[in-house]
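Fit chain H to the given chain S structure using the hints.
There are 2 protein chains.
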Amino acid sequence: MKEISALQKERAAYQPKLPKALMGAVKVKEGEPTQSVANQQEIKELFPNTYGMPLVEFVSGDKANEAEMNVGVILSGGQAPGGHNVISGLFDAVKKLNPNNRLFGFLMGPGGLVDHNYVEITSDFIDQYRNTGGFDMIGSGRTKLEKEEQFEKGLVILRELNIKAVVIIGGDDSNTNACVLAEYYAAKNYGVQIIGCPKTIDGDLKNDQIETSFGFDTACKTYAELIGNIERDCNSARKYWHFIKLMGRSASHIALECALQTQPNVCLISEEIEKNDMTLNQVVEDIAKVVACRAAQGDNFGVVLIPEGLIEFIPAIGRLIQELNDLLASHGADYKDLDKDAQRQYILSHLSKENAATFETLPEGVARQLSLDRDPHGNVQVSLIETEKLLSDMVDVLLAKWAKEGKYNGAFAAQHHFFGYEGRCAAPSNFDADYCYALGTSAAQLIAAGKTGYMAIVKNTTAGTDEWKAGGVPITMMMNMEKRNGEMKPVIRKALVELDGKPYKTFVSHRDEWAKNTCYVYPGPIQYWGPSDVCDQTTKTLQLEQTK
Amino acid sequence: MKEISALQKERAAYQPKLPKALMGAVKVKEGEPTQSVANQQEIKELFPNTYGMPLVEFVSGDKANEAEMNVGVILSGGQAPGGHNVISGLFDAVKKLNPNNRLFGFLMGPGGLVDHNYVEITSDFIDQYRNTGGFDMIGSGRTKLEKEEQFEKGLVILRELNIKAVVIIGGDDSNTNACVLAEYYAAKNYGVQIIGCPKTIDGDLKNDQIETSFGFDTACKTYAELIGNIERDCNSARKYWHFIKLMGRSASHIALECALQTQPNVCLISEEIEKNDMTLNQVVEDIAKVVACRAAQGDNFGVVLIPEGLIEFIPAIGRLIQELNDLLASHGADYKDLDKDAQRQYILSHLSKENAATFETLPEGVARQLSLDRDPHGNVQVSLIETEKLLSDMVDVLLAKWAKEGKYNGAFAAQHHFFGYEGRCAAPSNFDADYCYALGTSAAQLIAAGKTGYMAIVKNTTAGTDEWKAGGVPITMMMNMEKRNGEMKPVIRKALVELDGKPYKTFVSHRDEWAKNTCYVYPGPIQYWGPSDVCDQTTKTLQLEQTK
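Quick note, the sequences are listed as chains S and H, same order. Position 48 (the first sequence) corresponds to 48 in my numbering; numbering is contiguous. Position 165 (the second sequence) corresponds to 165 in my numbering; numbering is contiguous.
These are calculated hints, taken from the structure and not from any lab test. Some clues are possibly wrong.
No distinction is drawn between identical chains; accordingly, a pair holds when it is met within one copy or between any pair of copies.
Lysine-lysine pairs mimicking DSS-like chemistry, simulated, CA-CA at most 30 Å apart [claimed, not checked]: (1) Lys-340 with Lys-188; (2) Lys-2 with Lys-96; (3) Lys-9 with Lys-505; (4) Lys-401 with Lys-340; (5) Lys-516 with Lys-407; (6) Lys-289 with Lys-2; (7) Lys-17 with Lys-147; (8) Lys-17 with Lys-505; (9) Lys-9 with Lys-516; (10) Lys-239 with Lys-2; (11) Lys-63 with Lys-96; (12) Lys-27 with Lys-147; (13) Lys-2 with Lys-502; (14) Lys-9 with Lys-502; (15) Lys-459 with Lys-20; (16) Lys-2 with Lys-540; (17) Lys-336 with Lys-389; (18) Lys-153 with Lys-389; (19) Lys-239 with Lys-389; (20) Lys-389 with Lys-353; (21) Lys-340 with Lys-389; (22) Lys-353 with Lys-164; (23) Lys-17 with Lys-389; (24) Lys-17 with Lys-459; (25) Lys-505 with Lys-289; (26) Lys-275 with Lys-289; (27) Lys-516 with Lys-239.
Just so you know, these numbers come straight off a predicted model, no measurement behind them.
With the rest of the complex left out, here is chain S:
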């Protein structure tokens, strides 16, 4: 018998709450035909069979659907708390529709479908995973489903297992691919439906229809717990500046949410830095100003939050990286044999004037990293740059300069942290446990209703669970055309932090006060039992966005 923790034991008994509309028999309420958010003509041409379908809402019905169907499920991409609960919701709903129905999980991501690796999900099997974190039930992977050959290979096993529909649980890219697959199977009349499900701790898969992606709530609360603990330490010891990098490369939602929860002295928002065309030196100067201001009042301590993707959002560095990628790709061999100094000279003499200037302002270590380490495609490995250390080093240098000029008289010592793996597999909060279970249930009902190319959705999530509204949104509705690897592609539009949105504006209206004074808030660990205001609060982002 596998040993499990006391929390796992007790938490296994939790029965996720369902919206009223999903509790018994459901009826499908269809809306008007939909359009994609942009590039309607192109998207329509690319998805002739799955474009323009109506929004779907489930309302209480009086006749139980007893659909006979086997279903497949896939976890795609990075882990997010609640994935197991999507599968639990799906499993329970599929079995409730008809006890003879079977659910199959494809192993280690989309690759499991292509390579025919799967497991049947049974009652005993799933009971070990209810309300747990992680994707270890069936594993996940990053294989992209995008080639017809993969689709055809997958079909073989789907036919063999008599699978009527596959639920793909993933982020924006995985759901885009789910839609391509749905369109392909529909065009070929294979009779296999594809349903997507919005997953990602990054929070960048959201729009008018999707209020939030699952996992964002739990991951942010876990990071906020740690940030709060560090703030309390910081405010007790009063001698360190903590530079905390937070996972999430393509948007700053996590950093922003954590800032709203913990009120740190500084939180960088990549989208703002990009919009204002700030240089790295300007970012550093802004932080140093806060350090100096606090030092002047005797507070030689503080907390800085940094989104993981920062570097790529700094326009000057983005342009530099782009030119470096081209330059070094085309001059790979002879460049490689040069020594370090010669490499630096080579780069400086070949870059455009503007990018050479940016390159020269970078600290030596970072410049080296940009000119040396490349990934297998020849690209600069930006993710290897330890932004939290880079920034604190540069702040230190600038403060030393200010000290010489008599403009600063404090003590600056930094500690560094990077939080990512700490939160991606946390046991889901009550919110994520319920939300995911409802998403899984919705997915089952979409399948029973014969839908394909839809994503399961649950709305009105700031109300009580009872009042949540479940349904489906055509994936094409969320698409537009974007350049990917040099080609225009139909993709789900990624949600960046909106600079005219309430979460960001709320942050901006407080940040000067938070910078100067010590306004730390300590959220503490996620609670599963206890007062509802502690256990059942949604993220601040969701609360602010859904407030009319």
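Same frame as chain S, but now just chain H:
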């Protein structure tokens, strides 16, 4: 109005549970005279006024003591969850004895006593801090109270505030100094009592009388939450080895406790490595063997726990560091001007043969760090060595060698973490909240009973709170003579991991299985409400140690 989190709000209402014996009026039950654990003659001579006092236990009494007394309190050293609750317990008990009694907190550690910085702790003030983490109520500091001049300066403010006793909340060193101060005031007949209180997340302040130091429970549970989350990620993604360093330089209790809670693939125990006189290469080889064994069964992932103090416990490196400290201290100036290679040569040619051999086996970066960076006293800054990266780099090199020899055929990629600040200021678990409150109450009763040179203790802590036994232990009882900075000093004996103790033996009996198989346990975040088996469990260490 300062913004606080929902958890802070609800948790503020928690009333810590007290042992029956401390609930109403108490009576002092004294045991036999005590002796120090070793060096009885020397300790007795050094502490003529505070040596040999009896153990004290509080039992229910029938007559309320109405002692009039003002009390001071000091937080000393690193933060530990529960410090605020010691002060709350002390405050409530002092006020209950006599409402006219006053409690003063000295600010930012022992320095506050010497420099006369203090605040009066009132009811409104303390209510903001009940059941919270951190030491921010009055701050902490590392000033050592050890000179008569400091003692005399402190006395001035104690007299001014009419303070009868000071409670010093700290680790082994701070309590040693508390005893020196108690002895000094007793010898001078100043009429000021000093009471200690056992604090440290490291868990190395324990003995026959002290079952555990406060903060260890909460800190370990917070680290175990994170390790469990990482294990779940590790087991979902199945592609990384996570090397996790855990705070605690002088003992491996935290790493051991976390291992017992989470069952990682590897956990290094410094005390074992020291006892077996292992080299760094042997430690690395042991880890690499586990990696290779798991790779052979297709599991290219795992979790390794590393105690922060590891490097200093490796005997060969300990000896090397000692010689380096001497060597570089005596040859500071001329050495400094040499270039890197010349410095390396200088060191190699001056070291003893054995230590030179150890130096040569070190990776370049570590050797550089040992030969370059020194603290203000000229000592090697061991704490700057990123052991978690050092070990994974060395494992990587060894695996590459084995791969060439055909002995290993896996994929090794590492992620690194260091957890310390994340747990030191977490809000105390129910155990630490209760334990600390009881310690504070005991401290007040020790003062009322006229005791000095005692540490407040609470025993029988694996039973229900009701049945806990509170009292005091003469600090001299825990002392022996040890060499500190070249001089023999009376100090409280530090508790290392006992290699014949139950916690370590339990770990050893499972570790081969945990290494090979994936036996991860996911403790999840600390819960304050909910089922008692989740909320009120003590550490595994305590459970195992107290099991007869």
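Here is how each hint holds up against the structure:
1. Taking the shortest alpha-carbon separations for Lys-340 and Lys-188, neither the intra-copy value of 56 Å nor the inter-copy value of 69 Å comes in at or below 30 Å.
2. Taking CA atoms no more than 30 Å apart as the test, Lys-2 paired with Lys-96 passes inside one copy only; the shortest distance there is 29 Å, against 50 Å between copies.
3. For the homomeric pair Lys-9 and Lys-505, the shortest alpha-carbon distance between copies (26 Å) is at most 30 Å, but the shortest distance inside one copy (42 Å) is not.
4. With identical chains, the CA atoms of Lys-401 and Lys-340 are at most 30 Å apart both within one copy (28 Å) and between copies (27 Å).
5. Taking the shortest alpha-carbon separations for Lys-516 and Lys-407, only the intra-copy value of 17 Å comes in at or below 30 Å, while the best inter-copy value is 58 Å.
6. Proximity of Lys-289 to Lys-2 under the C-alpha cut-off of 30 Å is restricted to the inter-copy arrangement: shortest distance 24 Å between copies versus 53 Å within a copy.
7. For the homomeric pair Lys-17 and Lys-147, neither the shortest alpha-carbon distance inside one copy (39 Å) nor that between copies (63 Å) is at most 30 Å.
8. Taking CA atoms no more than 30 Å apart as the test, Lys-17 paired with Lys-505 passes in neither setting, with 33 Å inside one copy and 44 Å between copies.
9. Only between protomers do Lys-9 and Lys-516 lie at most 30 Å apart by alpha-carbon distance; the minimum there is 24 Å, versus 45 Å within a single protomer.
10. Taking the shortest alpha-carbon separations for Lys-239 and Lys-2, only the inter-copy value of 22 Å comes in at or below 30 Å, while the best intra-copy value is 44 Å.
11. When the C-alpha separation of Lys-63 and Lys-96 is checked against a cutoff of 30 Å, the pair qualifies only within one copy, where the shortest distance is 13 Å, while the shortest distance between copies is 67 Å.
12. Taking the shortest alpha-carbon separations for Lys-27 and Lys-147, neither the intra-copy value of 35 Å nor the inter-copy value of 81 Å comes in at or below 30 Å.
13. With identical chains, the CA atoms of Lys-2 and Lys-502 are at most 30 Å apart between copies only, with a shortest distance of 22 Å across copies and 46 Å within one.
14. In this homomeric assembly, Lys-9 and Lys-502 come within 30 Å of each other (Cα to Cα) only across copies, at 25 Å, whereas the closest approach inside a single copy is 39 Å.
15. Taking the closest pair of Cα atoms, Lys-459 and Lys-20 come within 30 Å of each other only inside a single copy of the chain (13 Å); across copies the shortest separation is 51 Å, beyond that limit.
16. Proximity of Lys-2 to Lys-540 under the C-alpha cut-off of 30 Å is restricted to the inter-copy arrangement: shortest distance 18 Å between copies versus 37 Å within a copy.
17. With identical chains, the CA atoms of Lys-336 and Lys-389 are at most 30 Å apart both within one copy (27 Å) and between copies (27 Å).
18. Taking the shortest alpha-carbon separations for Lys-153 and Lys-389, neither the intra-copy value of 46 Å nor the inter-copy value of 42 Å comes in at or below 30 Å.
19. Taking CA atoms no more than 30 Å apart as the test, Lys-239 paired with Lys-389 passes in both settings, with 17 Å inside one copy and 26 Å between copies.
20. Taking the shortest Cα distances, Lys-389 and Lys-353 sit within 30 Å of each other inside one copy (27 Å), while across copies they are farther apart (38 Å).
21. In the homo-oligomer, the alpha carbons of Lys-340 and Lys-389 lie at most 30 Å apart both inside one protomer (22 Å) and across protomers (24 Å), since each shortest distance falls under that limit.
22. Neither within a single protomer nor between protomers do Lys-353 and Lys-164 lie at most 30 Å apart by alpha-carbon distance, with minima of 58 Å and 73 Å respectively.
23. For the homomeric pair Lys-17 and Lys-389, neither the shortest alpha-carbon distance inside one copy (43 Å) nor that between copies (44 Å) is at most 30 Å.
24. Taking CA atoms no more than 30 Å apart as the test, Lys-17 paired with Lys-459 passes inside one copy only; the shortest distance there is 14 Å, against 43 Å between copies.
25. In the homo-oligomer, the alpha carbons of Lys-505 and Lys-289 lie at most 30 Å apart inside one protomer (21 Å), although the nearest pairing across protomers, at 53 Å, exceeds that limit.
26. Taking the shortest alpha-carbon separations for Lys-275 and Lys-289, only the intra-copy value of 21 Å comes in at or below 30 Å, while the best inter-copy value is 51 Å.
27. Taking the shortest Cα distances, Lys-516 and Lys-239 sit within 30 Å of each other inside one copy (16 Å), while across copies they are farther apart (43 Å).
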